Every structure is written in structure tokens, then in C-alpha cells.
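Here the protein sequences line up with chains A and B, keeping their order.
Each step along the first sequence adds one to the number in this note's numbering, with nothing skipped, and position 183 is 183.
Each step along the second sequence adds one to the number in this note's numbering, with nothing skipped, and position 3 is 3.
What the hints contain is simulated information worked out from the structure, not anything from laboratory work.
Here the structure is a predicted model, which is why all the values come from computation and not from measurement.
Careful: at least some of the hints might be erroneous.
[As the list claims (entries may be wrong)] Okay, derived cross-link-like pairs now, DSSO-like style, lysine-lysine, Cα gap no bigger than 27 Å in a straight line:
1. A:K23 to A:K12
2. A:K90 to A:K12
3. B:K54 to A:K5
4. A:K23 to A:K5
5. A:K178 to B:K20
6. A:K185 to B:K20
7. B:K54 to B:K20
8. A:K185 to A:K90
9. A:K150 to A:K178
10. A:K90 to B:K54
11. B:K54 to A:K12
12. A:K150 to A:K185
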Amino acid sequence: MVEIKVLQNVLKANDAIAAENRKRFKETGVYVIDLMSSPGAGKTTLLEQTAKRLAGEIPFGVIEGDLATAADAERVAAHGVPVLQINTGKGCHLDANQIHNALQHFDLEGLQLLFIENVGNLVCPAEFDLGQQTKVLILSTPEGDDKPEKYPVMFQQCPTLVINKIDLLPYVPFDLDKVRALVRKIQPEGRILELSCSTGEGMDAWIDFLRDQVSRSVR
Amino acid sequence: MHEFSVAQSLVEIVRDVAAKEGMQPVQVVHLRVGRLSCIDPEALAMAYELVTEKTLLEASRLDIQRVDPQAACGDCGRTFDFPEDFSARCPQCGSTDIRIVQGRELTVDSIEGEIGNGGD
Numbered sequence: 001m002v003e004i005k006v007l008q009n010v011l012k013a014n015d016a017i018a019a020e021n022r023k024r025f026k027e028t029g030v031y032v033i034d035l036m037s038s039p040g041a042g043k044t045t046l047l048e049q050t051a052k053r054l055a056g057e058i059p060f061g062v063i064e065g066d067l068a069t070a071a072d073a074e075r076v077a078a079h080g081v082p083v084l085q086i087n088t089g090k091g092c093h094l095d096a097n098q099i100h101n102a103l104q105h106f107d108l109e110g111l112q113l114l115f116i117e118n119v120g121n122l123v124c125p126a127e128f129d130l131g132q133q134t135k136v137l138i139l140s141t142p143e144g145d146d147k148p149e150k151y152p153v154m155f156q157q158c159p160t161l162v163i164n165k166i167d168l169l170p171y172v173p174f175d176l177d178k179v180r181a182l183v184r185k186i187q188p189e190g191r192i193l194e195l196s197c198s199t200g201e202g203m204d205a206w207i208d209f210l211r212d213q214v215s216r217s218v219r
Numbered sequence: 001m002h003e004f005s006v007a008q009s010l011v012e013i014v015r016d017v018a019a020k021e022g023m024q025p026v027q028v029v030h031l032r033v034g035r036l037s038c039i040d041p042e043a044l045a046m047a048y049e050l051v052t053e054k055t056l057l058e059a060s061r062l063d064i065q066r067v068d069p070q071a072a073c074g075d076c077g078r079t080f081d082f083p084e085d086f087s088a089r090c091p092q093c094g095s096t097d098i099r100i101v102q103g104r105e106l107t108v109d110s111i112e113g114e115i116g117n118g119g120d
């Protein structure tokens with residue numbers, strides 16, 4: 001029997017396409033955020049609120065990833081945002097090729113910001129590079145304060161954490177200090193934004209974060 | 001749960017290398033899977049069996065080696081075992097400029113089999 005060294009990354013095909021996407025984003029000066037969370041944490045609602053506040057200021061687009069339906073795309077499109085829905089079928093995450101194909105439907109030159117709303121899942125999307133410039137994770141208070149310990153890889157991958165639904169803090173068992181401490185341990189230099197899409201509390205800091213990121217990447 | 005698509009990518013790599021090197025049959029595929037990768041080795045092994053069924057790789061066995069995570073400090077340069085609690089702080093100098101250098105891989109390390117069997 002003969003042994004042959006291979007030393008090839010199994011995800012190399014995905015990573016090669018992600019690198020192409022990244023190059024394209026850089027050339028067109030579009031800042032791209034991979035937005036991740038569990039189902040129901042408020043990704044789409046945050047995008048809707050963002051659309052209201054950034055209207056006429058920063059042109060942005062959205063790629064929606066879901067197992068099925070175009071419901072999220074319709075919600076975002078209602079705010080005049082260019083949006084494309086990707087249905088992954090049984091796929092638990094978006095991959096770089098799906099993004100590559102979706103980009104054909106966007107006039108990237110006309111955008112400054114692009115959100116990729118990944119499939120609601122705290123595990124698999126961490127594995128697949130899409131070509132994004134940054135990853136933002138949303139954790140909502142009803143999900144519980146044990147999530148950073150249970151899904152550390154995802155928290156480790158995302159330099160920005162949005163803690164959503166802080167208006168529900170009086171009603172749900174969610175120790176904000178505990179979560180801050182857990183996240184600080186995993187991401188000592190990370191950014192934590194606490195907000196409520198319902199009351200608008202904390203939304204200014206989120207919008208400022210986006211303005212800041214976009215202004216750094218203008219072509 | 002994406003082990004099935006990962007198994008397909010894996011098979012493509014093994015098939016290409018085996019064809020290029022004239023290896024037939026492939027008997028063992030050595031795969032390195034970092035403990036920080038979101039891959040379940042048992043599910044991957046099962047997916048591999050299904051994907052290779054009735055193919056040239058049917059007789060091959062997947063050997064998965066788990067790789068422990070390691071991190072490197074950007075300040076003092078020390079490499080250390082990345083702790084299970086994901087604490088991102090250098091044990092030597094306390095810096096938080098930490099980079100994970102091992103433990104996320106999903107790499108085909110090598111393949112074993114016969115070369116020149118039934119060939120010229």
C-alpha cells in the first residue's frame with residue numbers, strides 16, 4: 001500500500017469563491033455584513049428598522065437566506081430595499097457560491113452596504129466564509145443567557161454582538177451582566193450593542209456603527 | 001447538519017488526487033478535523049459511506065483525526081492550547097491579541113491505496 005500526501009482543505013472550493021466575492025466587494029466599495037442568529041432573534045426586524053433609519057442616506061441591499069418562503073424578502077422589500085431571497089431547501093447555512101450567484105442580481109455599484117441575512121442557526125454558518133468584511137451576531141433576550149457558553153464558536157467568530165429585545169429584560173430570565181462577561185472573555189475587544197427594535201432604544205448606536213463601518217470602506 | 005455536502009467535497013478531492021496519481025483502489029482516507037470546526041465526525045463518516053456507495057471509493061475507509069485547538073499571541077508570540085472555555089487571553093503576557101492557528105481545519109491529510117494495479 002502506498003500513502004500519498006494530499007493536504008487539501010475540504011472547503012477549498014467554497015473558500016476560493018468567497019475570496020472572489022471579497023475581491024468584488026472591495027473593488028465596488030461595498031461593505032458586507034454576514035448577519036447571523038438563531039431563528040426568531042430579530043434579524044429581519046433589525047433590517048426593517050435599519051431601512052427606516054438609513055433611508056436616503058446609505059443605499060443598502062439585502063440577501064435573505066431561509067430554508068423556505070420569501071416572507072423575509074417581502075418584509076424588507078416593503079421598505080424599498082433591493083433584496084434577493086435564497087431558499088436553501090434543507091441547507092443549514094448559506095455558502096459562498098449562493099452569494100456569488102445572488103450578486104448577479106445586484107447593482108453593487110449603486111450600493112454602499114450589503115447585509116447577508118444567514119439561515120437562523122448558531123452552528124453551521126460559522127463554518128462557511130461568504131466573502132463578508134465582518135460578521136454580526138444577534139442574540140435576543142428570550143433565548144436565554146447561556147448561549148455564549150453553548151455556542152462559543154459562533155461568538156468567537158463574530159466581533160460584533162447585538163443583544164436584541166432588551167425591552168423584554170424585566171420579563172425573561174436573562175442576566176445581561178453575565179452575558180457581557182461571557183462575551184468579554186471570548187471577545188475581549190469585541191463590540192456589544194444592546195437594543196430593542198420595538199422601542200428603538202439603542203438603535204442610534206447600531207446606526208452609528210453602520211455609518212462608521214461604511215465610511216471606512218468607501219471607494 | 002451539512003456533513004453530506006462536506007462528504008461530497010471530500011470525495012471530489014480524493015477522486016481527483018487518486019486519478020492523477022493512478023491510485024486504485026483507495027483504501028484509507030486520512031482526514032484532519034479540528035475540534036472548533038462545526039463537523040460531527042460520526043455524521044461525516046456515515047455521509048462518506050453513503051456518498052461513496054457503488055463508486056470507485058466504495059472500499060475506502062475514512063480515518064478521522066481530531067485536532068486540538070491552538071492559539072498564538074500577537075504580542076509575545078507564544079503558542080498555547082486554546083482553552084475549552086474559549087478564554088481569549090495569552091497565558092504568558094495577558095494580551096487579548098489572540099489568533100487561532102489550529103483547530104478549525106478540515107483537511108485531507110493523505111490517501112492510502114494501491115498504485116499501478118491492473119494498469120500497464
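Going down the list of hints, with the structure as the test:
1. Under the criterion of a C-alpha separation no larger than 27 Å, the hint pairing K23 of chain A with K12 of chain A is consistent with the structure, at around 16 Å.
2. Simply put, K90 of chain A and K12 of chain A have alpha-carbon atoms about 22 Å apart, close enough for the 27 Å limit, and the pair holds.
3. Annotation: proposed proximity of K54 of chain B to K5 of chain A holds, straight-line Cα distance about 25 Å (limit 27 Å).
4. Between K23 of chain A and K5 of chain A, the direct Cα distance comes to roughly 31 Å. Violation of the 27 Å bound is thereby established for this hinted pair.
5. For the hint pairing K178 of chain A with K20 of chain B, the CA-to-CA distance comes to about 54 Å; that exceeds 27 Å, so the pair is violated.
6. With a C-alpha separation of about 47 Å, the suggested pair K185 of chain A and K20 of chain B falls outside the 27 Å cut-off, and the hint is violated.
7. In summary, the hint linking K54 of chain B to K20 of chain B is supported, as the alpha carbons are separated by about 21 Å, within the 27 Å threshold.
8. About 34 Å separates the Cα atoms of K185 of chain A and K90 of chain A, which puts this hinted pair outside 27 Å; it is violated.
9. Using a Cα cut-off of 27 Å, the hinted pair K150 of chain A and K178 of chain A holds, with the two alpha carbons roughly 14 Å apart.
10. Only pairs whose Cα atoms come within 27 Å are accepted, and K90 of chain A paired with K54 of chain B is accepted, the gap being roughly 25 Å.
11. The suggested pairing of K54 of chain B with K12 of chain A holds, with an alpha-carbon distance near 26 Å, which does not exceed 27 Å.
12. With a C-alpha separation of about 14 Å, the suggested pairing of K150 of chain A with K185 of chain A holds against the 27 Å cut-off.
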